[in-house]
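Undergrad: Spelled out from the first residue to the last, the chains are:
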Amino acid sequence: MPAPATQTIPAPDLRQVIASDGTRRFELSGAWTLRALRFRLTELAPRLAECAAAPSSQWDLRGVQAIDHAGAMLLWRAWGRRRAVDLVLKPEHESLFGDLDLPAEPMPVHARRDPLRLLVFLGRKLLSVLNHLTAVVAILGQVVLDTGFLVRQPARIPWREISSNIYRTGTQALGITALVGFLIGVVLSYLSSQQLKLFGADAFIINILGISVIRELGPVLAAILIAGRSGSAITAQLGVMRVTQELDAMAVMGIPHTLRLILPKMLALAVSMPLIVLWTDAIALLGGMVAAHAELGIGYSYFLSSLPDAVPIANLWLGLGKGVVFGLLIALVACHFGLRIEPNTESLGIGTTNSVVTSITVVIIVDAVFAIMFKDVGIS
Amino acid sequence: MAEHVIEMKGLWTQFGDHIVHRDIDLGVCRGEIMSLVGGSGSGKTTLLRQMLGLERPARGEVLIFGEALHGSDPGIMRRLRDRRGVLFQEGALFSALTVFDNVALPLRELRTLDQGLIHDLVMMKLRMVGIEPQHADKMPAELSGGMVKRIALARALALEPELLFLDEPTAGLDPDRSESFVTLIRELHRELNLTVVMVTHDLDTLVALSTRVAVLCEQRLLIVGTLDEVVANADPFICNFFMGERGRRALTAGKGAQYLA
Chain A
94 MPAPATQTIP APDLRQVIAS DGTRRFELSG AWTLRALRFR LTELAPRLAE
144 CAAAPSSQWD LRGVQAIDHA GAMLLWRAWG RRRAVDLVLK PEHESLFGDL
194 DLPAEPMPVH ARRDPLRLLV FLGRKLLSVL NHLTAVVAIL GQVVLDTGFL
244 VRQPARIPWR EISSNIYRTG TQALGITALV GFLIGVVLSY LSSQQLKLFG
294 ADAFIINILG ISVIRELGPV LAAILIAGRS GSAITAQLGV MRVTQELDAM
344 AVMGIPHTLR LILPKMLALA VSMPLIVLWT DAIALLGGMV AAHAELGIGY
394 SYFLSSLPDA VPIANLWLGL GKGVVFGLLI ALVACHFGLR IEPNTESLGI
444 GTTNSVVTSI TVVIIVDAVF AIMFKDVGIS
Chain B
11 MAEHVIEMKG LWTQFGDHIV HRDIDLGVCR GEIMSLVGGS GSGKTTLLRQ
61 MLGLERPARG EVLIFGEALH GSDPGIMRRL RDRRGVLFQE GALFSALTVF
111 DNVALPLREL RTLDQGLIHD LVMMKLRMVG IEPQHADKMP AELSGGMVKR
161 IALARALALE PELLFLDEPT AGLDPDRSES FVTLIRELHR ELNLTVVMVT
211 HDLDTLVALS TRVAVLCEQR LLIVGTLDEV VANADPFICN FFMGERGRRA
261 LTAGKGAQYL A
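Sequence order for the protein chains is A and B.
Reading the first sequence from the start, the letters are residues 94 to 473 in the working numbering.
Reading the second sequence from the start, the letters are residues 11 to 271 in the working numbering.
If you are wondering where the hints come from, they were derived from the structure by calculation, not from laboratory data.
Using N, Cα and C, we set each Cβ at its ideal position, and we do this for glycine too.
Label pairs and their computed distance ranges (CB to CB):
#: 1; chain 1: A; residue 1: 175; chain 2: B; residue 2: 186; range: 30 to 38 Å
#: 2; chain 1: A; residue 1: 436; chain 2: B; residue 2: 184; range: 18 to 26 Å
#: 3; chain 1: A; residue 1: 118; chain 2: B; residue 2: 35; range: 47 to 55 Å
#: 4; chain 1: B; residue 1: 71; chain 2: A; residue 2: 194; range: 40 to 48 Å
#: 5; chain 1: A; residue 1: 343; chain 2: B; residue 2: 249; range: 36 to 44 Å
#: 6; chain 1: B; residue 1: 197; chain 2: A; residue 2: 175; range: 22 to 30 Å
#: 7; chain 1: A; residue 1: 345; chain 2: B; residue 2: 184; range: 21 to 29 Å
#: 8; chain 1: B; residue 1: 35; chain 2: A; residue 2: 252; range: 53 to 61 Å
#: 9; chain 1: A; residue 1: 223; chain 2: B; residue 2: 106; range: 22 to 30 Å
#: 10; chain 1: B; residue 1: 39; chain 2: A; residue 2: 253; range: 53 to 61 Å
#: 11; chain 1: A; residue 1: 387; chain 2: B; residue 2: 81; range: 56 to 64 Å
#: 12; chain 1: B; residue 1: 35; chain 2: A; residue 2: 103; range: 29 to 37 Å
#: 13; chain 1: A; residue 1: 102; chain 2: B; residue 2: 125; range: 24 to 32 Å
#: 14; chain 1: B; residue 1: 186; chain 2: A; residue 2: 208; range: 50 to 58 Å
If you want a taste of the chain B side facing chain A, the calculated C-beta under 10 Å gives, among others:
#: 15; residue: 93
#: 16; residue: 104
#: 17; residue: 106
#: 18; residue: 117
#: 19; residue: 120
#: 20; residue: 129
#: 21; residue: 130
#: 22; residue: 134
#: 23; residue: 143
#: 24; residue: 169
#: 25; residue: 170
#: 26; residue: 203
Some chain B residues well away from chain A (every beta-carbon gap over 10 Å; in silico):
#: 27; residue: 41
#: 28; residue: 65
#: 29; residue: 87
#: 30; residue: 145
#: 31; residue: 189
#: 32; residue: 190
#: 33; residue: 232
#: 34; residue: 235
#: 35; residue: 246
#: 36; residue: 247
#: 37; residue: 253
#: 38; residue: 257
#: 39; residue: 259
Extracted from the complex, chain A is given alone in its bound form (with noise of 0.2 Å):
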């Protein structure tokens, strides 16, 4: 058998013949087939047309050896769209010919530019955020709703959900925060101490590690990993639930997706986020002590044991208050996001980034408030 993937395909060809009568006539040879145009066309089409504007001309297909749809579309573009007048041709090449007469590419439009755009666009961006807002009041007013529920009916409780996303969410997540945490810890504990053997002031590094991880650092690292680690899982997977259907299939079960879906993720983050904040601090407190064991020779023992005179106690509640708050408000933005998914692949590409994008600014800004409603807490 020959190789059929190597056999040459005869090139199209256009030859013009004027006969002793002075009539031109234009003879087309070789396979006008797409494979075989698409290396000559930019030769083809100008001789193509050149040839199409010539008055009174006969056209003559009948050497050609194959053609396609595209070849008789290109023909048919060269003749004005429509079928040259003096035509012969193949009788089986005649079908193709018989269906062309289509709607020509519409103008593009130019649409005026709005003066008022800007407002608009302002206007339009207000609107969205305000619709998040009501959509999330929703969710969190039927997630009320639904604690009510379980706490009359403590055996509805989804156990094995919350169970299983706090797995996810916060043993599969102590890698990643005590690294970062760690890191961060060594980092500060670095740069503060460098500043304070300036003044003399060693011992206060023990203040300011104390002070920064526990009450703000700590909370506010811990939730921007979980925010783009599990805030992300959760909106993509809700999207591809809504992308199979399978949003749709519990709804039929009458399963309500704030119950099954949303509420365990909520509860289970307000469980996990604490714990990992006390992990984070932890472990980014043991960075900042080697960092500073190294730096100023502060033993192991004196700094554990200033630490608890260096910071009230109140503000590790503080902290893991935070994290509870932070939990909380990750799940339902990424809950959020996850419902508002469209089926389709740049919608849920779009929502994952936008609810990785607004979790985060939600824990920023929820951090700032909560330093000025606590601003005469822990602080001596």
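Model the placement of chain B on the given structure of chain A, informed by the hints.
TA: Using the frame of chain A, we list chain B on its own:
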């Protein structure tokens, strides 16, 4: 013997310990419509994926137009792109692109056609599969399953392929649409001189289109032959498949009662 467009030689497919195909030899001749049939889970779609080069055989080889699909030459997928078209089971339209852009994508990828020609070719393909021009700007998510299938067929035909793969072309279409889909494929087959490989469950489609039928059963290729030859086979699987209530009806409707005498 007619030239083989696709040739599978001693092909084995294996996922882990699970063997899907054992020693399959199959040749598809130029210009024929070959149907792959078999029970659910018998590996029909996997065999189609082997022909497309989307799976790698555990043993054996696949030749397309005489070229080894898994040979040393990595350029084969690119060279094949304008010689074969594929209609996936769920259409596999790009959900981020409009109907028009979906069909235009393979044409634009050639990088030699101008916008006007692409527009006309896309519109022609859409009309060929019976999609009205006003649907061209819609997104795939806004369309019904039948329309998605027809647009996917238009995309598969965009580069004027010689070889067309159809995975369950009529699944999920209403009887009227199935009928017109079958007519459409038959017309295209005649007009464009296509070679078609089709996976189908639908006996009506099978009877209406196939020039030859390959039956997959228990990891092996049970029989390859014309519909008459296959139906004459006494294997219990074939009896169940073709001689059940539905099979008899399809055969009677499709070709007259000569098989059932």
